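Start from the sequences and build out the full structure, keeping to the hints where you can.
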Amino acid sequence: MLRSVLTFCLILVSGLTVAQLEGKVICIDPGHPSEVGMGTRGKKLTELEVAWNMAQLVKVRLEKMGAKVVLTKSSKGQFVRNRERASIANRAKADFMLRLHCDAAAGSGFASYYPTQQGKSEGVTGPSQALLKRLKPVAVRFHSALAEGMKGYLSDDGLKSDLKTAVGGKQGALTGSVFSKVPVVLVELVVLTNPKDEAFVASKRGQDVFAEALALAVVAAVGR
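In terms of our numbering, the sequence shown is residues 505 to 728.
Hints may be right or wrong, so weigh each one.
[To be verified] With a straight-line Cα cutoff of 25 Å, these simulated DSS-like cross-link-like pairs (lysine-lysine) come out:
#1 K668 - K640
#2 K548 - K708
#3 K685 - K528
#4 K708 - K580
#5 K664 - K624
#6 K664 - K640
#7 K664 - K674
#8 K685 - K637
#9 K528 - K597
[As the list claims (entries may be wrong)] Listed next, with one range per pair, are the computed distances between beta-carbon atoms:
#10 S632 - E539: 21 to 27 Å
#11 G662 - M542: 23 to 29 Å
#12 P641 - K548: 35 to 41 Å
#13 Q633 - G611: 29 to 35 Å
#14 Q621 - K568: 33 to 39 Å
FYI, nobody ran anything at the bench for these hints, they're computed from the structure. These numbers come from a predicted model, not from an experiment. Backbone N, C-alpha and C define an ideal beta-carbon position, used for all residues, glycine too.
Listed below in structure tokens is the structure:
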């Protein structure tokens with residue numbers, strides 16, 4: 505009898521989980537290769553493989569929650585320019601675009617970036633003022649949920665403006681943000697040049713924790 509009750513409860517929970525993203529379209533953008541290069545690398549891992557592998561893990565989780573997931577590339581090494589990555593999300597009419605990268609710096613931990621003002625790239629100004637207004641609360645919900653899911657595992661380096669990045673600082677926003685017509689957040693998953701960060705994201709436990717946290721962060725951002 506107890507086993508039957510537990511099974512019934514699990515079915516109910518599973519149903520609620522699936523319904524969380526039912527009808528939503530999520531675009532996942534595993535960073536690099538692009539016009540800005542192949543990405544950074546640690547002693548054992550490359551940004552290219554970390555972002556690609558994490559994208560696959562998050563995709564599975566989002567699909568289980570009912571989302572349609574679109575990737576910006578079909579293989580790890582496929583070259584896609586940042587403008588085209590944004591266009592893929594736009595054409596899919598994504599409810600949210602999650603961009604995955606790794607940092608190379610002196611610090612440690614993860615951080616989220618989103619456009620706080622319009623930038624200019626290739627003669628185009630964007631994103632629209634309407635999207636900027638919509639995006640801030642979405643980005644806040646996303647990063648708050650991500651930080652909660654990663655608590656005790658990696659340092660939270662905060663939610664930041666695109667202006668805090670090298671490219672965004674020059675253009676006013678990251679290229680992927682300039683051309684985006686959908687809510688977009690870029691996550692620097694780890695500082696790959698930090699041995700502890702690299703070891704965490706190399707471990708199965710670390711990958712599973714991160715993928716789960718990212719999936720729930722997407723739910724927080726759009727699942728309402």
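Here's how the hints hold up against the structure:
Between K668 and K640 the alpha-carbon distance is near 16 Å, which keeps this suggested pair within the 25 Å criterion. Under the criterion of a C-alpha separation no larger than 25 Å, the hint pairing K548 with K708 is consistent with the structure, at around 15 Å. A distance of roughly 16 Å separates the Cα atoms of K685 and K528; the hinted pair therefore holds under the 25 Å criterion. With a C-alpha separation of about 19 Å, the suggested pairing of K708 with K580 holds against the 25 Å cut-off.
Our distance criterion of 25 Å between C-alpha atoms is met by K664 and K624, whose separation comes to about 19 Å. Between K664 and K640 the CA atoms are separated by roughly 11 Å; this keeps the pair inside 25 Å, and the hint holds. Distance check on the hinted pair: K664 and K674 sit about 16 Å apart at the alpha-carbon level, within 25 Å; holds. Restraint check: the Cα-Cα separation between K685 and K637 comes to about 12 Å, which is no more than 25 Å; the hinted pair holds.
Taking the CA atoms of K528 and K597, the gap is near 10 Å; set against the 25 Å cutoff, the hint holds. The hinted range of 21 to 27 Å is satisfied by S632 and E539, whose Cβ atoms lie roughly 23 Å apart. Distance hint check for G662 and M542: the Cβ-Cβ separation is about 27 Å, which falls inside the suggested range of 23 to 29 Å. Between P641 and K548, the C-beta spacing of about 38 Å keeps the proposed range 35 to 41 Å intact.
For Q633 and G611, the hinted distance range of 29 to 35 Å is satisfied, since their beta carbons lie about 33 Å from each other. Checked against the given bound of 33 to 39 Å, the beta carbons of Q621 and K568, roughly 36 Å apart, stay inside it.
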